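Can you build the whole structure from these sequences, using the hints too?
Chains as they are written, first to last, in the numbering used here: chain A, 9 to 193; chain B, 3 to 46.
Quick caveat, the hints were computed from the structure, so don't treat them as lab data.
Note that the structure is a prediction, hence the values are computed from the model and not measured.
The beta carbon of each residue, even a glycine, is placed where N, CA and C say it ideally should be.
Keep in mind that a hint or two might mislead.
Claimed, not checked - Here are some, though not all, of the chain B residues that point toward chain A, as calculated from beta-carbon distances under 7 Å: (1) 4; (2) 5; (3) 8; (4) 9; (5) 11; (6) 12; (7) 15; (8) 16; (9) 19; (10) 22; (11) 37; (12) 38; (13) 40; (14) 41; (15) 44.
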Amino acid sequence: MRRRLVLYALIRLILWSGAVGIALFPTVQVTGLYTILHSMALFAPINKIGHLRDLFFLVVPASAVSLSTTIDYLCAKHETDSALGALIALILNFLVLVSGFVGFLVLPGNTVVPGDTISLYSEAIVVGLVVSLSTELWLSGAAEKHREQERKAQVADRLELVDLRAQIAKLKYKPKKSKKEAVRS
Amino acid sequence: MALQAITYAEVALAVIAVGFFLLKSFGSPKVKRVIRQISAHIHV
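Now the structure itself:
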């Protein structure tokens, strides 16, 4: 069960990374991958050419993926004590989505942000990404756990049914008496 | 300013979510029962 859960979480992680990576691609293409790798930083080289605003686009697909997973979890009809946590995750992801939009509006296009204020924007992006990834993994893992429990319950029900059928068949079965036994009796 | 407020709100909510998770996992049976009752009232 644990292996299956890890595999499922890994698939979710790949999907989330794909969404963020594709959103990041145009900015990296403009800045140059070599420049980013050389400076070992993401925000500073992108800010240097005035494209920090584009990084707010990373937050949007990340939070959209997490929002869909959260709503899916809340709408599924399974008894859970994590609904309160899922509700908090829903509000969190909505805030992340809003932060992406606000950040995009606040920053003017093609401007280099001064060094002391860059942390404000980078923090907003990093916090948004961390929050969306953690809620995505937590809720998709919880949903998979519930599905696994339901599968196990279904298998147990089927086994119980087979056992009941066997018992009924045993009760109905009456061995025929052979001719010798019939004569003796 | 607005962006900073949203970021702080996100961090605060994340802390609440972690606290809720810890309470659900390691809290007393009474606390767990209360959390279960609240969760049972959430329907979408």
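Status of each hint after checking the structure:
Evaluation of the residue 4 of chain B hint against chain A yields a held restraint, the C-beta minimum of about 5 Å falling below 7 Å. With a least beta-carbon distance of about 5 Å to chain A, the hint placing residue 5 of chain B at the interface is held under the 7 Å criterion. Given the 7 Å rule on beta carbons, the hint for residue 8 of chain B holds: about 4 Å separates it from the nearest Cβ of chain A. Proximity of residue 9 of chain B to chain A holds as hinted, the smallest CB-CB distance being about 5 Å (cut-off 7 Å).
Of the supplied interface hints, the one on residue 11 of chain B holds, with its beta-carbon coming within about 6 Å of a beta-carbon of chain A, less than 7 Å. The restraint placing residue 12 of chain B at the interface with chain A holds, with a minimum CB-CB distance near 5 Å, inside the 7 Å limit. This hint holds: residue 15 of chain B has a C-beta 5 Å from the nearest C-beta of chain A, less than the 7 Å allowed. Because the closest C-beta pair between residue 16 of chain B and chain A is about 6 Å apart, less than 7 Å, the hint holds.
Checking residue 19 of chain B against chain A: minimum C-beta separation of about 5 Å stays under 7 Å; hint holds. Taking 7 Å as the C-beta cut-off, the interface hint given for residue 22 of chain B holds, the closest approach to chain A being about 5 Å. At a threshold of 7 Å, the smallest CB-CB gap from residue 37 of chain B to chain A is about 6 Å, leaving the interface hint in force. A hinted interface residue such as residue 38 of chain B counts as satisfied when its beta carbon comes closer than 7 Å to some beta carbon of chain A; here the least separation is about 4 Å, so the hint holds.
With a least beta-carbon distance of about 5 Å to chain A, the hint placing residue 40 of chain B at the interface is held under the 7 Å criterion. Checking residue 41 of chain B against chain A: minimum C-beta separation of about 4 Å stays under 7 Å; hint holds. Nearest Cβ of chain A to the Cβ of residue 44 of chain B: about 4 Å, under the 7 Å cut. The hint holds.
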